[in-house]
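Visitor: Start counting the sequence shown at 2; every next residue gets the next number (the numbering used here).
If you are wondering where the hints come from, they were derived from the structure by calculation, not from laboratory data. Honestly, I wouldn't trust all of these hints.
[Stated by the list, open to error] With a cut-off of at most 30 angstroms between alpha-carbon atoms, the simulated DSS-like pairs for lysine-lysine come out as follows: (1) K57 <-> K37; (2) K27 <-> K37; (3) K37 <-> K85; (4) K59 <-> K27; (5) K57 <-> K68; (6) K59 <-> K75; (7) K86 <-> K75; (8) K75 <-> K37; (9) K85 <-> K75; (10) K86 <-> K27; (11) K27 <-> K57; (12) K85 <-> K59.
Since the model is a prediction, treat every value here as computed from it, not as a measurement.
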Amino acid sequence: SPPFFRVYNPVPKMDSALSVQDPEGKFIREFVPELKNMPSAYIYAPWNAPLEVQQKAKCVIGRDYPKPIVNHEKASQENMARFKKALSSGGKRPAAAAAEGGTSKKLRKA
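Taking the hints into account, I'd like the entire structure generated from these sequences.
Guide: See the structure below:
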């Protein structure tokens, strides 16, 4: 399969053959004290825990622990679409990019 179909997921899936070796999150609990009371089911994606669970764990996302910066699923889909488009073009650059030398004028001035 083309390489763009293999996207690294920063949140491990416990049912995967490539599952994490620390399903209880002992390592995370030791080095990320904000998550020490988070139930194991949410330790790798605490933003998915219901608010009641977050409150009980004393780790409310957005207050005690940061919200995710990137929506991984959406970003992965967008990047796969870009790779498919680039590969389907046969390596040809769009006319606007070719006219600019492949980089934006703003980047070249910097």
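Visitor: Now tell me if each hint is right for this structure.
Guide: Verification of the hints:
{"no.": "1", "hint": "K57 <-> K37", "verdict": "holds (12 angstroms)"}
{"no.": "2", "hint": "K27 <-> K37", "verdict": "holds (9 angstroms)"}
{"no.": "3", "hint": "K37 <-> K85", "verdict": "violated (41 angstroms)"}
{"no.": "4", "hint": "K59 <-> K27", "verdict": "holds (17 angstroms)"}
{"no.": "5", "hint": "K57 <-> K68", "verdict": "holds (18 angstroms)"}
{"no.": "6", "hint": "K59 <-> K75", "verdict": "holds (29 angstroms)"}
{"no.": "7", "hint": "K86 <-> K75", "verdict": "holds (17 angstroms)"}
{"no.": "8", "hint": "K75 <-> K37", "verdict": "holds (29 angstroms)"}
{"no.": "9", "hint": "K85 <-> K75", "verdict": "holds (16 angstroms)"}
{"no.": "10", "hint": "K86 <-> K27", "verdict": "violated (42 angstroms)"}
{"no.": "11", "hint": "K27 <-> K57", "verdict": "holds (19 angstroms)"}
{"no.": "12", "hint": "K85 <-> K59", "verdict": "violated (43 angstroms)"}
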